[in-house]
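Take each chain as given, in its own frame, and dock them per the hints.
Read top to bottom, the protein sequences are chains A and V. Sequential numbering of the first sequence, starting at 1, is according to the numbering used here. Sequential numbering of the second sequence, starting at 1, is according to the numbering used here.
Because the hints were derived from the structure by calculation, they are not lab data. Errors might be hidden in some of the hints.
What the hints assert, rightly or not - Partial pick of chain V residues on the chain A-facing surface, computed with a CB cut under 10 Å:
| # | residue |
| --- | --- |
| 1 | L121 |
| 2 | D125 |
| 3 | V128 |
| 4 | R140 |
| 5 | L147 |
| 6 | E149 |
| 7 | R158 |
| 8 | L160 |
| 9 | M161 |
| 10 | A163 |
| 11 | E168 |
| 12 | V170 |
| 13 | P173 |
| 14 | G174 |
| 15 | F178 |
What the hints assert, rightly or not - Distance windows between CB atoms, simulated:
| # | chain 1 | residue 1 | chain 2 | residue 2 | range |
| --- | --- | --- | --- | --- | --- |
| 16 | V | R110 | A | G83 | 36 to 42 Å |
| 17 | V | V128 | A | Q24 | 42 to 48 Å |
| 18 | V | A136 | A | Y64 | 24 to 30 Å |
| 19 | A | Q104 | V | E119 | 24 to 30 Å |
As the structure is a prediction and not an experimental result, all values here were calculated from the model. Note that the Cβ used here is the ideal one computed from N, Cα and C, for glycine as well.
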Amino acid sequence: MNRLLAAGVVVTSLVTASTALAGQKGVPQFILTRNTDGSGSVQGQMASVRSSADTAGYLSATVYNYQSGDGDRYGYVQVRDAGGAYGGCYTYDAALLDVMARVQGDEFLYVQWDTYARCTMVMVGHGSQLAPKTP
Amino acid sequence: MIAARTALAAMAGLVVVGLGYAAGRWSAPATAAAAAAEGPRGDHRTPASTAPLLAPQPGAQDPEMLRRIVREEVRSALREDLARPGGPERAVDAAPPADPLAEAATALARPEARPHAEEALATLDAAVARHRWGEADRQRFTAAVSLLEPRARVEIERRLMVAMNRDELVLDPGTSPFEAPGTGR
Numbered sequence: 001m002n003r004l005l006a007a008g009v010v011v012t013s014l015v016t017a018s019t020a021l022a023g024q025k026g027v028p029q030f031i032l033t034r035n036t037d038g039s040g041s042v043q044g045q046m047a048s049v050r051s052s053a054d055t056a057g058y059l060s061a062t063v064y065n066y067q068s069g070d071g072d073r074y075g076y077v078q079v080r081d082a083g084g085a086y087g088g089c090y091t092y093d094a095a096l097l098d099v100m101a102r103v104q105g106d107e108f109l110y111v112q113w114d115t116y117a118r119c120t121m122v123m124v125g126h127g128s129q130l131a132p133k134t135p
Numbered sequence: 001m002i003a004a005r006t007a008l009a010a011m012a013g014l015v016v017v018g019l020g021y022a023a024g025r026w027s028a029p030a031t032a033a034a035a036a037a038e039g040p041r042g043d044h045r046t047p048a049s050t051a052p053l054l055a056p057q058p059g060a061q062d063p064e065m066l067r068r069i070v071r072e073e074v075r076s077a078l079r080e081d082l083a084r085p086g087g088p089e090r091a092v093d094a095a096p097p098a099d100p101l102a103e104a105a106t107a108l109a110r111p112e113a114r115p116h117a118e119e120a121l122a123t124l125d126a127a128v129a130r131h132r133w134g135e136a137d138r139q140r141f142t143a144a145v146s147l148l149e150p151r152a153r154v155e156i157e158r159r160l161m162v163a164m165n166r167d168e169l170v171l172d173p174g175t176s177p178f179e180a181p182g183t184g185r
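Okay, chain V solo, but in the shape it has when bound (with noise of 0.2 Å):
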């Protein structure tokens, strides 16, 4: 199943790169001069996909109706589920994952380590609170995160990870979220 869905994501970035290729990404015949001036593009924020389910398709039934097909087919379903004895277990079956995110990092670590996992998730709360992450958080979450073993250690540094994905965290200018590439940890 992994496999799969990974093949099929790697079909959707050859998409992309077949995209890239078309829009003139990757450029051709380019120049060493012309290299050095082809940098990063900056924040290509994309907002996630607002395509509707039921767009409309040539020949297709009226969408609306389609619509209305299934509201009362979820509907009929969701009756169903409350009337069975026991109550809505698909409903419970239904609801989304537990964030991963959400198990105590902190547990993972040993306990005579533990506050240092604590240390290291107290400083990166307060950044998130300050909304950024400057050159004493670093130096403070990475002084606690290496006295860590590498599963707590990873599970408190994907945290950090998410809040800059999120960008609930900006990384003051000239800092690294744990360290300068290249040089190690």
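If we strip away everything but chain A, and leave its shape as in the complex, we get (with noise of 0.2 Å):
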């Protein structure tokens, strides 16, 4: 429910965002954050970041599931920059799974993870101003 709670409240800023000025397009920066622990973060648009200039960048949040049992659904993000720094984690959480199988190309990504590449939080943004990825 939090996370539902979490999850609306930035519908609602960046709806509000865009309201203050009518058709305002925004391009959020691909921002990858590593820290000396191997913890950190990343927030990206999968559009954006498609269309940036560079051909190394990327960004991706991949859901496996398999019948056959529990701990048998997992899910990871990579994140790569255009300098080649790499980032990425991996969770079984339910709930961080559901938000990462929702994830469009339209969409706004943040995601931490822990010392041991777990991930700790991922967040979905959905704006008007956010542009659809484009071939």
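Here you go:
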């Protein structure tokens, strides 16, 4: 419930930002933060990462579902920036996986991970100012 | 508890997003050309927080005095703990949690698959020793882990990811840890 509330706040804040300037178009920066202990975070939008000038950067969220039983549903986030720096995390957490599975190309994604590459937070933001992914 | 922590983290994320917006990261208006030019900002490595726990606050007591009080409280607690029959239980309780990666990932694999787990880990260890992850490493690693059941594979892949996150491994140009994005495993 708290996650849903947080997601709702994000949506509200994004919509508020867009109504202040009707027709606003935003391009979230693609920011990979890597701490010395291995923890880190990434924020970015799939579409803008894809449309950036470099050909190295990417941002992906993948969810696997297996029929076999407990522990066989997992997901991971991978990110690489233009400079080649890499970051990522795994999770078995059902709520985080639900959010990861819903990520679309025009959405804003923010992910945090701990020192053991375990995802600790996944946030998806929707906003009219975000451009859809294009070829 | 987990939900509460996540909510707090989400709020922290909102602050980040808000700061990003305030700093112009969420720039607007923007043209398609500007969007194309808006690329990754490189490695924004930041050190772990070094903010003092007892940073001076307006109207607060003398920070040095507070530090002395805390030190004395800690010493007192330790003395009581050591004096307790049975030894310093609290010290044991306060020890950092076991490294989850220390769990033998190979134990998660079926007995017949353990050689593949060991091969994947050996590939990873050798790469860490070289501080590089190249295409040959990726191929050998993915071939080995592809023969493991999901849980064992994830735990071994997570070790690779930890090594990447900690800069114990550097990707060769054009190499990905597991697979090229969008191509599947």
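Status of the hints after comparison with the structure:
1. Look at L121 (chain V): its Cβ only gets to about 15 Å from chain A, farther than 10 Å, so that hint breaks.
2. Hint status for D125 (chain V): violated, given a least beta-carbon distance of 17 Å to chain A, over 10 Å.
3. With a least beta-carbon distance of about 13 Å to chain A, the hint placing V128 (chain V) at the interface is violated under the 10 Å criterion.
4. Of the supplied interface hints, the one on R140 (chain V) is violated, with its beta-carbon coming no nearer than about 19 Å to a beta-carbon of chain A, more than 10 Å.
5. Interface hint status for L147 (chain V): violated, as the beta-carbon distance to the closest one in chain A is roughly 15 Å, over 10 Å.
6. Nearest Cβ of chain A to the Cβ of E149 (chain V): about 8 Å, under the 10 Å cut. The hint holds.
7. Of the supplied interface hints, the one on R158 (chain V) holds, with its beta-carbon coming within about 5 Å of a beta-carbon of chain A, less than 10 Å.
8. Here the hint on L160 (chain V) is kept, as its CB sits about 9 Å from the closest CB of chain A, short of 10 Å.
9. This hint holds: M161 (chain V) has a C-beta 4 Å from the nearest C-beta of chain A, less than the 10 Å allowed.
10. Because the smallest distance between the Cβ of A163 (chain V) and any Cβ of chain A comes to about 9 Å, under 10 Å, the interface hint for this residue holds.
11. Nearest Cβ of chain A to the Cβ of E168 (chain V): about 9 Å, under the 10 Å cut. The hint holds.
12. Restraint check, V170 (chain V) versus chain A: the minimum CB separation of about 8 Å is within 10 Å; hint holds.
13. Satisfaction of the interface hint for P173 (chain V) is found here, the shortest Cβ-Cβ separation to chain A being roughly 7 Å, below the 10 Å cut-off.
14. About 8 Å separates the beta-carbon of G174 (chain V) from the nearest beta-carbon of chain A, less than 10 Å, and the hint is met.
15. The interface hint given for F178 (chain V) is met, as the beta carbon of that residue sits about 8 Å from the closest beta carbon of chain A, less than 10 Å.
16. Look at R110 (chain V) against G83 (chain A): about 40 Å separates their beta carbons, and that is inside 36 to 42 Å.
17. Between V128 (chain V) and Q24 (chain A) the Cβ separation comes to about 46 Å, which falls inside the hinted range of 42 to 48 Å.
18. Taken as a hint, the range 24 to 30 Å holds for the pair A136 (chain V) and Y64 (chain A), whose Cβ atoms sit roughly 25 Å apart.
19. Here the CB-CB span from Q104 (chain A) to E119 (chain V) is close to 38 Å, at odds with the stated 24 to 30 Å.
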